[in-house]
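Take a look at the letters that make up each chain.
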Amino acid sequence: MAEAFQSIAARAPPVRTGGALPWLRRNLFGDWKSALATVFLIGLALLVLPPFGQWAVANAVLAPNADACQAARGSGACWGVIAEKWHVIIFGRYPFEGQWRPAIATLLMIAAVVASCIRRFWRPWLGLMWLAVLATFFILMGGGVFGLEPVRTDLWGGLPLTVMLATLSIFLAFPLAVLVALGRRSQLPAIRTVCIVYIELIRGVPLISVLFMASFMFPLFMPQGMTIDVLVRVLVGITLFAAAYMAEIVRGGLQAIPRGQLEAASTLGLGYWQTQRKIVLPQALAMVVPSMMNNFISILKDTSLVTIVSLYELTGALALALNADVEWRPFKIEAYLFITAIYFSICFAMSRYSLWVEGQLGVSRTR
Amino acid sequence: MPPGTATPRSGPGAALPTPPDELSARPVGRRPRRKREWSLRSRAVRGLLYQALALLAVAAVVWFLAHNTQRNMEVRGIQSGFNFLGQAAGFDIGETMIAYDPSQSYGRAIWVGVLNTLRVALLGIVLTTVLGVLVGIGRFSRNALVRGLCYGYVEMFRNVPILLQLLMWYLLFVDVLPPPQTAWNVADLFYLSKGGFSFPAPVWDRGHAWMGAGLLAGLAVGGWWRRESQRRFELTGHDRNRWAVPVAAAICLAFAGWAAGGAPRSWSVPEQLPFMVDGGISATPEFMAVLIGLVMYTAAFIAEVVRSGIQSVSHGQNEAASALGLTQRMQMRLVVLPQALRVIIPPMTNQYLNLTKNSSLAVVIGYPDVVSIANTTLNQTGRAVECIAIIMLVYLCTSLGTSALMNWYNRHAAIKER
Amino acid sequence: MSTVTLRIASVTALVLGVLAALPAHAGKDLDAIKARGALVCGVNTGLAGFSAADSQGRWTGLDVDYCRALAAAILGDANKVRFSPLTAQQRFTALQSGEIDVLSRNTTWTLTRDASLGMHFVGVTFYDGQGFMVPKSLNVKSAKQLKGATVCVQSGTTTELNLTDFSRANNLAIKPVVFEKQEASTGAYFSGRCQAFTTDASGLASIRSKEAQKPADHVILPELISKEPLGPSVRRGDDEFFAIAKWTFNVLLEAEEYGITQANIDQIKKDSKNPGVMRLLGAGTEDTGKVLGLDKDWAYRAIKAVGNYGEIFERHVGEKTPIGLPRGTNALWTDGGLMYAPPVR
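Residue numbers (my numbering), protein chains in the order written: chain H, 1 to 367; chain Z, 1 to 418; chain P, 1 to 345.
Just chain H, with the same shape it has in the complex:
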């Protein structure tokens, strides 16, 4: 009888595939091309980042002192320009004493937007809350009641204007977009033609020309004596523009609804509007949420174009703050980086949220 158990030499342990070092080996030095790229990029970073760090942080001047900034020019960033000018950049030409009003109004608006994003707040009273927030916003900004000093709309500017234009145009454009999308898919040829002409016309021209038209030529279109606020005109322009793009997105969602849904609805005796309201739109809109979020981000970025029609939102307010002031004009780059950071944080947050929503709706099929 053979021996019950004979031990053999231990086998070598398996190669580790997890952990930091194997990860580095695989991802940075996988093959010779990858290794070359890693070396090149690290070399580039070592070349560029330390001087940038020196400029942006080490030698930077934080105090709002024009002379110190001038002395450090070229070798250090002048973040003092932001400390000095942030009032005008963020609030535009709004009167200095009343600037607490746009501050509160903007915070309220941003809070309302954030609240609308959280699932817990998706209740029926959300609509009422929005109405209240909008009313408060306009009362705070415009004044004239409750003892607040009236402030004309062409003095509104900066971040409050950006936030207001973006939010209001999204709100107003959405119902219009749904109607136009439904109209574009309508069986009635006249309505379909009108909607197609509207969508193709607006999508074919740049936003600048729509804004020019809205702000310069609107008064010519109105009967004599009737004046429309410049803010309203710009808002109408942006809304019409946004509605055309949103209508195309909604149309994509409508097209994806299987015909069986419509047939089943008509079998149940639902009329056209009932079908749309109860069956089609809930499904279609849920399907297009990621594209819509993308569109919302574009609308926020497009509000920066109202600078061209002399409404001083964030980008325009910066030009206002620095162009006329000789002392601080050389430090435009730092101010530009400041508002880049503001736009980036807002848009990046929105795109992250959109990814989360996509995940929640199970729309994406990531591998």
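These are computed hints drawn from the structure, not numbers from a lab.
For each residue, glycine too, the CB sits at the ideal point set by N, CA and C.
One or more hints might be untrue.
Claimed, not checked - Residues on chain P that point at chain H, a partial pick, calculated with CB under 10 Å: (1) Thr45; (2) Ala53; (3) Gly57; (4) Thr87; (5) Gln90; (6) Gly98; (7) Glu99; (8) Lys210; (9) Gly289; (10) Leu292.
Position chains Z and P against the provided structure of chain H, taking the given hints into account.
Frame of chain H, contents of chains Z and P only:
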């Protein structure tokens, strides 16, 4: 079925009976007329009513606007009409692609603007496609640093408004570069300064037109060679090099054309003058800022489009291709990209249109595109409605043209499903 | 009625109602101003000495003072003015479309503008000419030496046209870089993008004093290459408003001719026996305001609000200000200048 037998009409193996004539044939004689009931309960009638109302509303709004405009213009003595396009412009344009003189008409000035816009748009589309595709493919790279860099690039450039980016690029060019009096130069041939980037260029002569014709002929020969090679490969399985002959044909025929046209050899070389750098072809800082700003902004979006296109091809395709023994490159070229193109092309068209429309922002940094020139014309002649209509018309035509082109490419290149 | 009929009827009613409710009243400019209670004045976005706002939002300048005088004449209060800053691109469409009542924005009076843009020029408040500004380091003594130079200019102005004419007449092949906003063009000049900057000579002085880091480093070349008579303008269609606007400026000149200033106007109104002065200030029996549709004290209010033309000039662009312009052609005709007002009678 064995040859020689026709399909029997009855019995086993018979064909199915054809439907009787009354159901399939058109009815002979007059159909009884359907009495149309003009009741609101009928869907057709309601549809007609809604359409009539909609058209009425649209017509009324249009009439209202037009009537007001006309009356306002009458009261204020503002003239209207497009006859101003024939009047002398009187203003100069900083950079033009065709010869332009201030004594020429407004129409010509606007045409110069259109060409400037097209120049930025076409060059921008080519460059942004290249950059965007590279960054999009880079997102799938094996190297984590490359992946991270591409991701960072996309997020950085997508989330900042284009106007801000254009302003920053322009500021960078104007602040960092040296004044034209002391331009940076490389070998006295390439100059870079606040006045622009100048490089040597051949002086246009008839011989260059011949060279162009020769190049076209060479490309035609190359195309024919490739099609021939493909046909031979499919028939016999023998493949031959598909690049050598087309390239050689293009070069040789271009050279032949150049020689036939008189072999022009003169070059315009930039040189440093007291105020500026003259000669060669120069790209102004405005043009460079607009081009680079637009290219980098749109490339971020195109990278995302390419990425989602490649991701849309299911991974099983890659695995099947590997199982068949195709290399990574062949997988990408023969299996993944053709399928991905179907998903990529429509959003890509959108991005091209966006780039063209965003080029209208060049008016802010002083590049004389069509919006800038139409604005000046608007100011000098007072014809606001006409000038804005011209701007919108130009962009509409460009958009429609680009869409049509991309739709053709879509139909041609995308896989046709069964 | 069935649901469907009801629905259709309500939609029809809504559509027709909206169309009918849109107002269509034709108002005149003067009535609109009085009804609104404020004069809307189109001014420059920021040109020191002519129209600029300080950080508190208070507007000062020569063009601003004209608007204040007009508001005082029509509405009785110089502060009943709303200032609308406009770029050179927007100014004419803003006036044509009714957004502003009067354009007081250092605008040159030319034939095309008078005849084809639907406006009337009220008068010349400043006789000017177009000039060039170059950095001293360029060592250029005359505009004719600017061969092949790049010049920054603002779009939509006579400046652009005159530059082209000058360049062609003298064979200079000047390359213009055209910006929409004035701040962009001055910014480009001061950062070195262009070798020269061109606008009205008064504008050059103002920009150099306010926006140059070291004003002494920039030189205004001696040539004035064009005539630039700057003046306010109003829309066509309301002749009464045009007359009031015209004569408001004329009384400011008449006041200087008579030696009436902001300081002594009350005393002169009480004491003077000069029939011309009494007629001007409404101290006597003659009422010049009635034919214009205003009350008797309109000229008195206008002059009291801002002073006479000389005071306005000295206060904003005179030799004691950083801009430091001499009266020159803007002096009264009795002092060898071009300022000559038709008689107020």
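Evaluated hints:
1. Proximity of threonine 45 (chain P) to chain H holds as hinted, the smallest CB-CB distance being about 8 Å (cut-off 10 Å).
2. With a cut of 10 Å, the hint placing alanine 53 (chain P) at the interface with chain H holds, because the nearest CB-to-CB distance is about 8 Å.
3. Hint status for glycine 57 (chain P) relative to chain H: holds, with the closest Cβ pair at about 6 Å, below 10 Å.
4. The beta carbon of threonine 87 (chain P) comes within 6 Å of a beta carbon in chain H, closer than 10 Å, and the hint placing it at the interface holds.
5. Below 10 Å, beta-carbon pairs count as interface contacts, and glutamine 90 (chain P) has one with chain H at about 6 Å; its hint therefore holds.
6. The beta carbon of glycine 98 (chain P) comes within 5 Å of a beta carbon in chain H, closer than 10 Å, and the hint placing it at the interface holds.
7. Among the interface hints, the one on glutamate 99 (chain P) holds; its C-beta lies about 5 Å from the nearest C-beta in chain H, closer than the 10 Å criterion.
8. Because the smallest distance between the Cβ of lysine 210 (chain P) and any Cβ of chain H comes to about 7 Å, under 10 Å, the interface hint for this residue holds.
9. With its C-beta approaching chain H no nearer than about 25 Å, glycine 289 (chain P) sits outside the 10 Å limit, and its interface hint is violated.
10. For leucine 292 (chain P), the shortest C-beta to C-beta distance to chain H is roughly 22 Å, which exceeds 10 Å, and the interface hint is violated.
Checked against the numbered hints given earlier, the structure breaks hints 9, 10 and satisfies all the rest.
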